[in-house]
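Q: Next come the chains, spelled out residue by residue.
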Amino acid sequence: MTVSKAFAKDGLLAQAIDGYQPRDAQIELSKSFEKIIKQKQLLIAEAGTGTGKTFAYLVPALLSNKKVVISTGTKALQEQLYHRDLPLIIKALSSKRFSALLKGRANYLCRYRLQINDDAQQITDKSLKQDFKTVRTWSTRTKTGDIGELTTINEDSRVFPLVTSTIDNCLGRDCPDYEDCYLVKARKKAMDADLVVVNHHLYFADLAVKDTGFGELVPESDVVVFDEAHQLPDIACEYFGERFSTRQLLELSRDIELEYRTELTDVKQLAKVVEKLSRVGKDFRLQFPIDVEKGNWREKAIIEPFSTHVTKVEETLQFSYEVIKNCLGRTKGIDTCFERITHLRAVLDKVNELEQLDASLWYETTPHHLSLNLTPLSVADKFAPIREEKEQAWLMTSATLAVNEGFDHFTDLLGLKDYESLVLDSPFDYPKQSMLCVPRLIPEPNDREALSSLINIAKRVIKASQGRCFLLFTSHRMMNMVATALKKQLDTDILVQGQCGKRELLNLFLEQDEAALLATGAFWEGVDVRGDALKCVMIDKLPFTAPDDPLNQARIDNCKRKGLDPFSYVQIPQAVITLKQGAGRLIRDVEDTGVLIICDPRIVSRHYGATFVKSLPAMKRTRSLDTALDFLKA
Amino acid sequence: MSAVHFYLFDETYEQVENVPAHIDFACRLAAHCYRQNQKIFIYTGDQTQANQVDEYLWQFDAQSFVAHNLQGEGPKFGSPVEIGCEVPKGSRQILINLSPSMPDFAKRYPQVFDFVPHQEELKQVARERYKQYKQSGHQLTTEPAYPAQ
Numbered sequence: 001m002t003v004s005k006a007f008a009k010d011g012l013l014a015q016a017i018d019g020y021q022p023r024d025a026q027i028e029l030s031k032s033f034e035k036i037i038k039q040k041q042l043l044i045a046e047a048g049t050g051t052g053k054t055f056a057y058l059v060p061a062l063l064s065n066k067k068v069v070i071s072t073g074t075k076a077l078q079e080q081l082y083h084r085d086l087p088l089i090i091k092a093l094s095s096k097r098f099s100a101l102l103k104g105r106a107n108y109l110c111r112y113r114l115q116i117n118d119d120a121q122q123i124t125d126k127s128l129k130q131d132f133k134t135v136r137t138w139s140t141r142t143k144t145g146d147i148g149e150l151t152t153i154n155e156d157s158r159v160f161p162l163v164t165s166t167i168d169n170c171l172g173r174d175c176p177d178y179e180d181c182y183l184v185k186a187r188k189k190a191m192d193a194d195l196v197v198v199n200h201h202l203y204f205a206d207l208a209v210k211d212t213g214f215g216e217l218v219p220e221s222d223v224v225v226f227d228e229a230h231q232l233p234d235i236a237c238e239y240f241g242e243r244f245s246t247r248q249l250l251e252l253s254r255d256i257e258l259e260y261r262t263e264l265t266d267v268k269q270l271a272k273v274v275e276k277l278s279r280v281g282k283d284f285r286l287q288f289p290i291d292v293e294k295g296n297w298r299e300k301a302i303i304e305p306f307s308t309h310v311t312k313v314e315e316t317l318q319f320s321y322e323v324i325k326n327c328l329g330r331t332k333g334i335d336t337c338f339e340r341i342t343h344l345r346a347v348l349d350k351v352n353e354l355e356q357l358d359a360s361l362w363y364e365t366t367p368h369h370l371s372l373n374l375t376p377l378s379v380a381d382k383f384a385p386i387r388e389e390k391e392q393a394w395l396m397t398s399a400t401l402a403v404n405e406g407f408d409h410f411t412d413l414l415g416l417k418d419y420e421s422l423v424l425d426s427p428f429d430y431p432k433q434s435m436l437c438v439p440r441l442i443p444e445p446n447d448r449e450a451l452s453s454l455i456n457i458a459k460r461v462i463k464a465s466q467g468r469c470f471l472l473f474t475s476h477r478m479m480n481m482v483a484t485a486l487k488k489q490l491d492t493d494i495l496v497q498g499q500c501g502k503r504e505l506l507n508l509f510l511e512q513d514e515a516a517l518l519a520t521g522a523f524w525e526g527v528d529v530r531g532d533a534l535k536c537v538m539i540d541k542l543p544f545t546a547p548d549d550p551l552n553q554a555r556i557d558n559c560k561r562k563g564l565d566p567f568s569y570v571q572i573p574q575a576v577i578t579l580k581q582g583a584g585r586l587i588r589d590v591e592d593t594g595v596l597i598i599c600d601p602r603i604v605s606r607h608y609g610a611t612f613v614k615s616l617p618a619m620k621r622t623r624s625l626d627t628a629l630d631f632l633k634a
Numbered sequence: 001m002s003a004v005h006f007y008l009f010d011e012t013y014e015q016v017e018n019v020p021a022h023i024d025f026a027c028r029l030a031a032h033c034y035r036q037n038q039k040i041f042i043y044t045g046d047q048t049q050a051n052q053v054d055e056y057l058w059q060f061d062a063q064s065f066v067a068h069n070l071q072g073e074g075p076k077f078g079s080p081v082e083i084g085c086e087v088p089k090g091s092r093q094i095l096i097n098l099s100p101s102m103p104d105f106a107k108r109y110p111q112v113f114d115f116v117p118h119q120e121e122l123k124q125v126a127r128e129r130y131k132q133y134k135q136s137g138h139q140l141t142t143e144p145a146y147p148a149q
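Chain order of the listed sequences is A and B.
Under my numbering, the first sequence has 546 at position 546, and the numbering climbs by one with no breaks.
Under my numbering, the second sequence has 13 at position 13, and the numbering climbs by one with no breaks.
Quick caveat, the hints were computed from the structure, so don't treat them as lab data.
Hints are not guaranteed to be accurate.
As the list claims (entries may be wrong) - Listed next, the stretches of chain B that the computed footprint assigns to chain A, with coverage defined by at least 3 CB atoms under 8 Å from CB atoms of chain A:
1) 41–55
2) 58–65
3) 128–140
What the hints assert, rightly or not - In silico DSS-like cross-links for lysine-lysine, where the CA-CA straight-line distance does not exceed 30 Å:
4) Lys-96/A - Lys-185/A
5) Lys-459/A - Lys-76/B
6) Lys-620/A - Lys-76/B
Said to hold, decoys possible - Estimated spans, in silico, between C-beta atoms of each pair:
7) Gln-132/B - Ala-546/A: 52 to 62 Å
8) Ser-136/B - Thr-627/A: 31 to 41 Å
9) Gln-512/A - Ser-64/B: 35 to 45 Å
10) Gln-93/B - Glu-304/A: 55 to 65 Å
11) Gly-563/A - Thr-12/B: 45 to 55 Å
12) Gln-124/B - Gly-563/A: 54 to 64 Å
13) Ser-64/B - Ala-546/A: 29 to 39 Å
14) Ser-64/B - Thr-627/A: 17 to 27 Å
Keep in mind the model is a prediction, meaning the values are calculated, not measured.
No residue lacks a Cβ here, since even glycine has one placed at the ideal position from N, Cα and C.
Chain A on its own, in the form it takes in the complex:
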């Protein structure tokens, strides 16, 4: 069986899937990947929306008889791939290959933690108590232990940390429930499977061996597919970095308290450890403003009161280390706590090595916590060897990977040198199906008139599209100001990101006939609304990352160090990819039509506009808002 036969007009796919039409781009990607698998090479492919890239890689992957790992961007995509696309292809090919879905640790019930938290009887909060009860009942009948099954509990319920494990608190092989551990079972199933579906976070956790007892999946596979590959550089940076968080101190304190209250009641000093650990983190957070912020840790670390607080945390960890050393061997739980203290001390040291040159050191606050982070300026030197050492075939693909039809910005970040590349156009007829409008005579984004201009355009867009539009913003501040004005001035329902969860908000948008949706970051990617429900996407300005974003700052510094212009090499490519993602929300199907409105005249008036225009789909362009709105009504 070959790929061409599977995709042929009367081939297996056509026989098994209703309405299947062979597409040239899909077949080209599939054949190229088939060749790459044989040669154990790397293929980087941009496959525009609608090329059918999922089928294109699943077919050769299943036909190859090799061990395959498929890594996607999110859990939702993982599930869609595993439950919707994969079964179709397996059936069409009558494949005997065995597949498995593996999620991150936090997605599986931890029987041990469920039990100890139940024993400790510390939960007083009513709704939390109710959630806990729901989990306990469910735990007796679940087969997979996947907490995704608990659809009645809110995604961000505080019950989940109590009934799942972290790398920090997992007892591993010493756990009394090891034999029945859902995570272990899921991993075992994954190890035995021919094809495993994971996500990028999990892949990198495995790669960076940040999760002990794992780190086996990646080396043992022959073929790796990265879908939504444009996310890889950011995720890689996160995993090759280090993070010290006051949340870890608090969790450690809670777990020590559990041991103290159950098994180690005689060690009175533990009470002191618990109290100190939980307090020192809170005190540290209080030194920063109430409003959350990100910033350069190198500047803060050398001044008061911050340096004193680092010392205080070090002393507290030192004290905890001494106390718990005396309890070693008494319970499995306390032994793990001891290891965590050792690890925390090491990480705290690393993020405070202020003279290291090849890393960005930054802090970030959340309403209750503070984290100190180390991000390597470049992951190229860490990632490249992984590609070279392993004799694997790789495919990196995404609908948005190329900038100016090139991949340098991407391959440079990951240190990839030898690769083949493909740019496959979408089958959509963009000039007919869509229009890109940059309205005339609008102010530059930093102009004080920008807000009122945005509000005026938004009003006209919402009216003309009868609310079937997304208004995407680059900042929360702008989104909220526009939302407030629109709510006052329009009768149309205005949905704003943050009023409820992402999924719920999207459902509201689909249910209500005339509701416009205002959103930021989270909606630029991975939202799939087909047909007439979404006719127009309006974007407030070109999505350059805020200059204070630490990861971006790190890349800019690294670029300067090489003597290159960071604006061309870092900021533009990254904004181009984000804009392509945002624009990609619009046309999802051959029947879709729609208008993209970018309220930023810089795309017309600056040299770099060329890069954006060349990288976006070939929509018909206009500068007349009237023409664009007429197209909407047509």
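Knowing the structure of chain A, use the given hints to seat chain B on it.
A: Quick look at chain B alone, frame taken from chain A:
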């Protein structure tokens, strides 16, 4: 005094996409100069014509992108190609004139491009313009315009 270069059009120059031949030519000339890093002002007879030029440049094939702005938008000192029917502030290397009469400010530009369209009435107006330039003492040259290959 400026070097004023006139392009002469005849019936062989075919009209493209509802845009008059001399405007199509003017825009491609602007694109050519833009690629040589020169700054250009395109002076139009009215706002409608300015918008027409703006629209046409914006619809150029992505490979031939021209960074431009209308008067009243864009960066503080204008982008490489500025379009408008108002008397411009400051000076640039190149003036492309699409307005019916000779611009008074033409002398501020070392190089001026102008056009003699094929249509009879426009041709008459252009001849008048040619005389005005000549009377003002500019250096005049002419050349037949050829469509893009």
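Q: All the hints need checking, so say for each whether the structure fits it.
A: Hint check results:
1. 41–55: holds (count 3)
2. 58–65: holds (count 5)
3. 128–140: violated (count 0)
4. Lys-96/A - Lys-185/A: holds (21 Å)
5. Lys-459/A - Lys-76/B: OK: Lys-459/A and Lys-76/B at ~28 Å, within 30 Å.
6. Lys-620/A - Lys-76/B: Cα-Cα ~28 Å, so holds.
7. Gln-132/B - Ala-546/A: 52 to 62 Å: With a Cβ separation near 53 Å, Gln-132/B and Ala-546/A satisfy 52 to 62 Å, so the hint holds.
8. Ser-136/B - Thr-627/A: 31 to 41 Å: holds (39 Å)
9. Gln-512/A - Ser-64/B: 35 to 45 Å: With a Cβ separation near 43 Å, Gln-512/A and Ser-64/B satisfy 35 to 45 Å, so the hint holds.
10. Gln-93/B - Glu-304/A: 55 to 65 Å: For Glu-304/A against Gln-93/B, whose Cβ atoms are near 57 Å apart, the range 55 to 65 Å holds.
11. Gly-563/A - Thr-12/B: 45 to 55 Å: Since Gly-563/A and Thr-12/B have Cβ atoms about 52 Å apart, the given range 45 to 55 Å holds.
12. Gln-124/B - Gly-563/A: 54 to 64 Å: holds (59 Å)
13. Ser-64/B - Ala-546/A: 29 to 39 Å: holds (33 Å)
14. Ser-64/B - Thr-627/A: 17 to 27 Å: holds (21 Å)
Consistency with the previously given hints fails for number 3 only.
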